[in-house]
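In case you want the letters, here they are:
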Amino acid sequence: MALFAKKRKLNYGIYGFIFVLPFFVVFLIFQLYPILYSIILSFTNYQGFMDVKDATFTFSQYTDLIVNPRFLQSIVNTFIIWMINFVPQVVVSFLFAALFTSVNLKMKGAGVFKIVYYLPNIVTAASVAVLFKNLFNYPDGIIDKLFKAMGVFSDPTYNIVRDAWGTRILISFIQFWRYFGYTLLILAAAMMGINPTYYEAATIDGASKVKSFFSITLPLLRPIVLYTLITSLVGGLQMFEIPYLICDGGPMMAGGRWATETISVYIYHMAFEGGYTNDYALASAASVYLFLIVLVFSFITFKFFGDQAFGLEKKEKQPKKSKEKEDV
Amino acid sequence: MKKKNVTARKGLWGMGVKDWIWFVICVLLAFMCLFPLWLMLSNSTRTTIQIQQIGGAESLLFSTHFFDNVASLLNKGFDIFGGFFNSLFIAITSTVLCVYFSALTAYGFVGYQFIGKKVLFAVLMATMLIPGQLGMIGWYQLVVDLGMYDSWTPLILPSIASATTVFFLKQYLETTYSKDLVEAARIDGAKEFYTFNTIILPISAPALATQAIFSFVYAWNNYLPPLMILNSSSKYTLPIWIHQLNADTHEVDFGALYAGLVITVFPLVVVYLVFSRFIVSGIALGGVKE
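Taken in sequence, the protein lines are chains A and B.
Residue 13 in our numbering sits at position 13 of the first sequence; the count goes up by one each step and never skips.
Residue 116 in our numbering sits at position 116 of the second sequence; the count goes up by one each step and never skips.
So here's chain A without its partners, still in its complex pose (with noise of 0.2 Å):
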């Protein structure tokens, strides 16, 4: 009985696989294949003009890279909008999270705030790049126009697509625009997942309010920071439309290196265009960079938050792990 049983089990277990199959052969297709090929590519010297079975073994694109003072430019640009953007976006959405979550707080409206806030997340990333642009564009744009009534631009003929630090700041802000919503809702949403006995308790201990964010809010919050962290920067890493469609990369700073190219514009530029060869290799090798800096940095996010994260993940897992079992 007991076998016959048993047997049952795994005819019905072979549907799960063929149900997961489709997924994992359209994965090996498009994604795994051309990562293995990239890699491959990464090792070689081929480039647009040549047939790719003609390309020869040769490590040179990762040593020409390192000491390329453009690609390293593009590693710190990438960092920089980065940071400029991701450190307010999370002070103003943890800010407005709690806000939202707040008990005793009896603001009106916080239904509608947060779907407005949301709302530049969903909007075509090239169309709002485009749209900036011609915001801030010198002399037509309207928000230039205004900024300058306003002082906030004090050169009357200051062009803010000429000015490093002017465009890498108007990406970081767009950037910002776009993603501040998205954290809010997921924080917002961790928020009020914690027991609310925990906070009576403090209460009654005599813990202020501030006292009991910072020991029960935060600890508690530490796996979603993390997954936002975590997101934000593998995300943040590859940004690709708004430096492009804003400044093409530009503007173009001493040295032959360039003010806001990111990690993902340098390769579609060595790649794709500018006037070069189309140098597959090279753009495979910035890849295989690219993707082991988000590893290297992944991995320092983990060290850093992990500990609480990780304990949490396995005390979810449990309960997982016997309804599985329950349930085949």
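EDC-like cross-link-like pairs, simulated, lysine to aspartate or glutamate; straight-line CA separation at most 20 Å:
#, chain 1, residue 1, chain 2, residue 2
1, B, Lys191, B, Asp180
2, A, Lys145, B, Glu58
3, A, Lys106, B, Asp19
4, B, Lys76, B, Asp248
5, A, Lys145, B, Asp253
6, A, Lys53, A, Asp279
7, A, Lys209, B, Asp19
8, A, Lys106, A, Glu200
9, A, Lys108, B, Asp19
10, A, Lys148, B, Glu58
11, A, Lys145, A, Asp155
12, A, Lys53, B, Asp145
13, B, Lys235, B, Asp79
14, B, Lys235, B, Asp248
15, B, Lys235, B, Asp150
16, A, Lys148, A, Asp163
Because the hints were derived from the structure by calculation, they are not lab data.
We have chain A; now place chain B onto it with these hints.
Positioned in the frame of chain A, the structure of chain B alone reads:
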């Protein structure tokens, strides 16, 4: 406790002084979100000369030239409506594939036990951390090698393998799936695939709806992959038309440009406002891994 309640009920609209301060700050932040979009809309109704001359509060008002701008866009060869329907087709097919196969994959993981399940799920999770750009050049080469250059297939087909959607649907199914439902169907002699279509899909409907919206928005906004592989203008999607508009730098027709932006953004905003409650709660569910 009592004191707090009393103060909270005082004031205009039941909000105290503190609530009002926060309310004003929230309004300012909302203004920051909407102001650029408002300017986009108002500028799309003005001629280029009006846009160049205008300044100050006037720029917030609407004019009457929206359709002139659209006509000028079409006259210049920017087939924005062709792009609109191309985008719509790609977004809808991608969404259907993404949601259906993600649900199937999620059910495969939740409803069954098979060898290698844990490893496969670990692989799926790991793909979420890999930056898409790593495979960019290889993907381009693959598309060329398969003879799919300048076609929509490589834009649509990969949506079958969306790890984040599978992850979300798996989380959802784990809370709603009950073995009894499926067992009853099995006793009645239902095939597994039939069970999925008639039982699992309907019980996942709320989660599928949320994910369908995200998937649609993602496909609609997709920019870099079509930029790399689409060549003939009859196949351009809206973001590629925006790219072309942006590249058209000599004698910029600002009115037409803003009209083009409105046409790309407007459908999304409508979809968003209709489904906003779904979307806002969907993000909350997706972010909190419980």
